[in-house]
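Engineer: Use the sequences and the hints to build the structure in full.
The listed protein sequences derive, respectively, from chains Y and X.
Quick note on our numbering: the first sequence kicks off at 12 and runs consecutively.
Quick note on our numbering: the second sequence kicks off at 12 and runs consecutively.
What you were told as hints is all true, and nothing was included just to trick you.
Note that identical chains are pooled: a pair holds if it fits in a single copy or bridges any two copies.
Okay, derived cross-link-like pairs now, DMTMM-like style, lysine to aspartate or glutamate, Cα gap no bigger than 20 Å in a straight line:
no.: 1; residue 1: K153; residue 2: D51
no.: 2; residue 1: K218; residue 2: E186
no.: 3; residue 1: K153; residue 2: E50
no.: 4; residue 1: K61; residue 2: D51
no.: 5; residue 1: K148; residue 2: E50
no.: 6; residue 1: K160; residue 2: D216
No lab work stands behind these hints, which were simulated from the structure alone.
Number of protein chains: 2
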Amino acid sequence: MRELLGSLKIQIPEQLYVKDPDSSDLGRKIIETSIILIEDLGFESFTFKKLGTAIGSPESTIYRYFENKHKLLLYLISWYWAWLEYKVAFATANVNNCEDQLKNSIRVICETVTQDQNFSHVNEEVLQRIVISESSKAFLTKEIDAENKNGYFKNYKNLIERLVRIISGISSDFEQPRTLASTLLEANHLQKFFGVHMPSITDIDMKDENLINFMETLTLSILQNGAKRS
Amino acid sequence: MRELLGSLKIQIPEQLYVKDPDSSDLGRKIIETSIILIEDLGFESFTFKKLGTAIGSPESTIYRYFENKHKLLLYLISWYWAWLEYKVAFATANVNNCEDQLKNSIRVICETVTQDQNFSHVNEEVLQRIVISESSKAFLTKEIDAENKNGYFKNYKNLIERLVRIISGISSDFEQPRTLASTLLEANHLQKFFGVHMPSITDIDMKDENLINFMETLTLSILQNGAKRS
DNA sequence: CAAAAATAATAGTAATACTATTAATACTGC
DNA sequence: GCAGTATTAATAGTATTACTATTATTTTTG
Chain Y
12 MRELLGSLKI QIPEQLYVKD PDSSDLGRKI IETSIILIED LGFESFTFKK LGTAIGSPES
72 TIYRYFENKH KLLLYLISWY WAWLEYKVAF ATANVNNCED QLKNSIRVIC ETVTQDQNFS
132 HVNEEVLQRI VISESSKAFL TKEIDAENKN GYFKNYKNLI ERLVRIISGI SSDFEQPRTL
192 ASTLLEANHL QKFFGVHMPS ITDIDMKDEN LINFMETLTL SILQNGAKRS
Chain X
12 MRELLGSLKI QIPEQLYVKD PDSSDLGRKI IETSIILIED LGFESFTFKK LGTAIGSPES
72 TIYRYFENKH KLLLYLISWY WAWLEYKVAF ATANVNNCED QLKNSIRVIC ETVTQDQNFS
132 HVNEEVLQRI VISESSKAFL TKEIDAENKN GYFKNYKNLI ERLVRIISGI SSDFEQPRTL
192 ASTLLEANHL QKFFGVHMPS ITDIDMKDEN LINFMETLTL SILQNGAKRS
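Structural biologist: Pasting the structure below:
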């Protein structure tokens with residue numbers, strides 16, 4: 012995994028940046044530091060001024076890489092989805108049984124990222140926490156239609172499509188594979204967040220197994236049952 | 012429904028407001044107009060200045076009712092959950108079969124609100140759209156733990172608890188009724204949002220039946236299957 | 001009708017989310 | 001090695017936001 016990603020480049024829609032942050036030391040430092048800062052402060056309190064101070068550069072320099080902090084967030088989230096898609100791709104490669112493919116995918120999606128999976132300047136562990144807490148703010152906006160049209164969510168859709176293929180492989184007559192795939196991805200975040208911050212509305216705990224078990228049971232149950240019903 | 016809610020008062024945690032907006036004409040006008048404005052502008056662009064202009068009052072007056080726009084949003088969302096809990100309560104009253112209770116609940120939760128259900132100064136149809144697009148911003152913050160402790164999310168939890176009781180009534184050995192209930196509520200919003208703004212990642216369409224069918228199948232499948240597995 | 005409460009009118013502040021300008025530095029091709 | 005170009009630093013400035021404060025006016029209530 013690590014070697015492979017070391018030689019592959021995570022592709023981000025170029026509409027999301029002014030100048031590719033992966034093309035310079037300063038750019039990579041912006042990414043690296045913004046991940047830490049957004050997690051620390053929360054996206055609302057995060058500003059380019061603070062980021063500038065943190066990297067020792069003026070605010071104006073950051074604007075040469077990103078139009079605004081919203082696009083920087085979209086960039087980070089997009090990076091995460093692309094990375095997760097690779098993980099899913101490798102977790103399902105050479106697995107012939109579709110149900111096993113789905114189980115492996117769910118595991119990869121729901122697993123809490125641990126430090127040792129890091130590579131390059133991106134701290135995936137912290138990035139995952141950002142995705143959990145902030146990713147929905149990136150699309151729940153009035154600009155969604157225009158931004159969607161501009162391809163800002165391409166990496167997210169790619170991952171969904173991959174899951175849809177796996178789901179359809181298990182039960183080709185199941186009518187809502189997209190609904191199921193997007194529900195899976197988003198419910199994963201929400202439950203993880205609830206587990207930490209609103210434990211009374213979830214039954215999952217800090218261990219991943221609980222959540223993975225729920226997601227697996229949910230998915231396989233509806234695929235066994237769903238075709239008959241819908 | 013209408014008469015009953017006309018005589019019952021929706022209870023909102025009093026920590027959410029400075030002065031009860033339901034206690035004066037101006038207060039109700041603030042609620043009524045803020046619903047329209049937030050839907051129109053999106054929460055990020057909504058300001059007390061604009062709200063003041065819209066109701067013909069200075070900004071400072073609104074601060075006498077709400078500390079800030081975040082608390083106003085929490086108030087509106089809290090109102091929605093209380094209202095929805097009443098709807099669920101009535102949709103399940105005198106229904107003996109637990110599975111029917113759950114089906115009725117899912118229908119009430121997933122149904123798109125139509126104008127004629129309105130009562131008083133609150134436009135529930137517009138409020139539902141706000142809840143769909145903005146509610147997660149109300150809890151995905153750095154202040155969540157303090158606010159949760161302060162009881163800001165009580166009405167949401169009440170609804171979850173009601174659903175949990177119904178779920179446990181169907182399958183008392185199902186181990187994750189809370190996870191299922193909160194997933195149901197949140198997935199409903201997300202899928203509705205995707206249906207309108209990102210149709211390629213969902214299979215639901217504008218008609219409610221599609222989404223209701225998915226939610227019903229999902230829930231009943233896991234309850235049939237889940238006990239064995241988990 | 002007086003006192004208290006609510007609202008209007010207005011002003012002010014620190015921070016945010018930018019844009020603009022110029023100067024210093026680094027990098028590239030010949 | 002140097003000219004030209006691109007990049008970054010340093011600094012300043014602006015409109016808007018999210019408030020707080022003060023005083024005047026109106027409304028409510030006992």
